[in-house]
Every structure is written in structure tokens, then in C-alpha cells.
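Each step along the sequence shown adds one to the number in UniProt numbering, with nothing skipped, and position 34 is 34.
The set of hints was computed from the structure by calculation and includes no laboratory data.
Incorrect hints may have been included.
To be verified - Below 30 Å or equal to it, Euclidean Cα-Cα: the simulated DSS-like pairs (lysine-lysine) are: (1) K84 with K271; (2) K271 with K90; (3) K135 with K226.
Being a predicted model, the structure only gives us computed values, none of them experimental.
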Amino acid sequence: MADLHSQTGFLQAQGAPLYYEVAGQGEPVLLIHAGVADSRMWDEQFAAFAQHYRTIRYDQRGYGRSQYPAGPFAYHEDPVELLKSLDIGKAHVVGISFGGKVALDFTLAHPEMVASLVLVAPSVGGTQPSELVQKFAEEEEAYLERGDLDAATELNLRMWVDGPQRTPEQVDPLVRERVRTMQYHAFTVPVPEGAETLDLQPPAITRLAEVQRPTLVIVGDYDIPKKLELSQQLAERLADAQQVIIPGVAHMVSMEQPEQFNRVVLSFLNKVAI
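Start from the sequences and build out the full structure, keeping to the hints where you can.
So this is what it looks like as C-alpha cells:
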């Protein structure tokens, strides 16, 4: 990373600054991070992809260096403003977890701007949370209401880094600590009065037939059952989709197995040139 020449900046979009970073030359690839992280989660991908592509990563609203606006905003509209500001008309889009939801919503709202899609253990708008996820959300809310950010952060690590099949001791401690730093910071970002998230309507789960772009779906076999089910559903229902299951990892596939992840994604991108 030290030798990587990158451009960084802040874009004023939807009423608040959005932090982004760009490196490399070639066809554009946009990386959209998970809801337990920020753009730093892509360190291994950003450096590797920039050797072949013009690679863009950014902090979503309320993560990293990006702030919430004091009014309504849509996560899936930020890529529009960002790509336009960089004079990019069409890009390959890679999204993980919540970032996968944003990537899919962006594709449905602005299909002309998407060349291909990589969805990594994605959330999908319009689906109902499983009992496991609902219980997690209730526990997280209880910790946050008490102001116990450490416990809320560790809860997220257990759910989204370790996964239900592993103990913390079975996971790379560096990955856990990187996510801990990013998630804890996200909990501290102030939310102005008036900030309101606008979701895509109708939601993505009812519009999968509209997605007419080559799509790669990736999931780790230690992820929660809901993510495995959703990934299989997307692979079956999207018009031009393939699925890769990476063994021995949970939700944060790209961080736990960066070399394998990079090989799989770069191979896919090589076949779907703009």
C-alpha cells in the first residue's frame, strides 16, 4: 500500500461530504464496503485491483470519514454522484453485505452505469431478517441504548466476523481487530436530527428479473444460514449469475481470504470487459 499512488478527496453529495479514494488505470471498478466496516476493509483489494483497473473505494454515510446529512438520503444514490464526479459513465461494481444491498439497489436504479456486479454475502432489500438476525439486532440495540459500544462491537464481531460455527479463537485476530476498529468508529459518528434513509422502491427482492448484468455471487461457507440461502437464491434467479462458495470463512470473505477472493473476482472481471 505504501507504494500505491492514489487520489483521495471529499465529494459534496446529498448534503454531506463523502470520502473517496481512486488508484490505477483501466476500466473502473467500484468497491462498496460492509456495514461493519469502512473503505479500509478493501486494503488488499484496492492495491491488487489497481494494478489492472481504475479502482474506486469510498466510505458510505456514517462510516469512516463520511458524514450523515441533516436530511433524507439514499445510500444507492451516492455511487451516482461519485462516478459522475470522476467522469465515469459505467463501472464494474463490487459490494459486500450491506454494500451488496447498495450495489444491487444502485444497479436497479441506474442500470446504464453498471457493467457487471459482484455481490459478496449481500443483504437484499425487501427480505425479512431471520430469527437469528432479529435476535442479534435486538441485542445490539440494547447495548447501544446503554451506551456500551464495546459490547455492541464485540457482538458484531461474533456475528459477522466469527460466524455461528466458530469461536473468536478460530479467527485471525488481525481481521477481528481491523473490523473492531471500523465498527466501533461507525457507532461514534453523530446522526443529525432530520437524517433519514430512503430505500429503493419497489425493493430489490421483487425486481431481480430486471438485473441484466453479468453477476458473480460469493459467500463463505461459515456465514449465517440466511446469507447462504440468499446467495443461492440470487444465483438461481438473476439472469446471468454464477456463484462461488469459499470454504473456511464466514461473512468477511475478502478480509479472511484476500488472495483467493482477488483471484476469483479478477478472473470474473477479466471475462466481462466493458
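Results of checking the hints against the structure:
1. K84 with K271: Holds: K84 and K271 sit about 25 Å apart, inside 30 Å.
2. K271 with K90: Holds. K271 to K90 sits at ~16 Å (cutoff 30 Å).
3. K135 with K226: Status holds; Cα separation ~13 Å.
Comparing the model with each numbered hint stated earlier shows that all of them hold.
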